[in-house]
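Chains A and B are the protein sequences, given in the same order. For the first sequence, counting from 1, position 107 maps to 107 in my numbering; every step adds exactly one. For the second sequence, counting from 1, position 89 maps to 1089 in my numbering; every step adds exactly one.
Some hints could be false.
[Unchecked claim] Here chain A is said to cover these stretches of chain B; the calculated rule only asks that three of the stretch's residues, wherever they fall, bring their Cβ under 8 angstroms from a Cβ of chain A:
1. 1060-1067
2. 1103-1111
[Unchecked claim] So these bits of chain B aren't anywhere near chain A, every CB distance computed over 12 angstroms:
3. Ser1014
4. Asn1024
5. Gln1045
6. Pro1079
7. Ser1080
8. Asp1085
9. Val1093
10. Ser1094
11. Gly1099
For the record, the hints were derived by calculation from the structure and aren't laboratory data. Being a predicted model, the structure only gives us computed values, none of them experimental. Just so it is clear, CB atoms sit at the ideal spot from N, CA and C, and this is done for glycine as well.
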Amino acid sequence: KAGVTQTPRYLIKTRGQQVTLSCSPISGHRSVSWYQQTPGQGLQFLFEYFSETQRNKGNFPGRFSGRQFSNSRSEMNVSTLELGDSALYLCASSLGGSSPTDTQYFGPGTRLTVL
Amino acid sequence: AQSVTQLGSHVSVSEGALVLLRCNYSSSVPPYLFWYVQYPNQGLQLLLKYTSAATLVKGINGFEAEFKKSETSFHLTKPSAHMSDAAEYFCAVSYNQGGKLIFGQGTELSVKP
């Protein structure tokens, strides 16, 4: 079974631009979560989508948004990019049941650099 | 606030030595606990998870962790380090909040020949 895929793997943008990242979950998984990883703040939860609905949200500004499609693929958008948005953005998929021990499987990430 | 603390941002061991990576959580309600490993330029891979079925959890690659409620800890161990174990390790907790994991700051493990 194919793992979680993220595109693109690398991205360079300038301040003020917007960016869209894509995540394709493992087949059969209905939940997709997004995380931001930086050297200073570590791994931080952005949001989670399940059945096309945002089910959980972290403490990020409204410039960060996402959506999920009927095939469970998800996109994350960041508008008005700031230098501090430079990070590795990780996507994780899971079956999406109600169990808190549902295992999340991570993709390789998208490395975003904002100049 | 719910949080996870990993003691030691860098740990160095010799090949064949015991690996001990520390993780403590802060909550009066025991969470569900996970250990993930991240190799350079890759995503995270699950090593093991605590689901309350057993306090001693065995994972992949010879790693195991023991949940100790009285110490609010979930330390990761491996009896004998291998060069291929060099990576960054993250402890994470879940509190019945769907797909939300709260991660520790990570511990980078170096293995010396």
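Against the structure, the hints come out as follows:
no. : hint      : result
1   : 1060-1067 : violated (count 0)
2   : 1103-1111 : holds (count 4)
3   : Ser1014   : 27 angstroms, holds
4   : Asn1024   : 16 angstroms, holds
5   : Gln1045   : 7 angstroms, violated
6   : Pro1079   : 25 angstroms, holds
7   : Ser1080   : 26 angstroms, holds
8   : Asp1085   : 19 angstroms, holds
9   : Val1093   : 9 angstroms, violated
10  : Ser1094   : 4 angstroms, violated
11  : Gly1099   : 4 angstroms, violated
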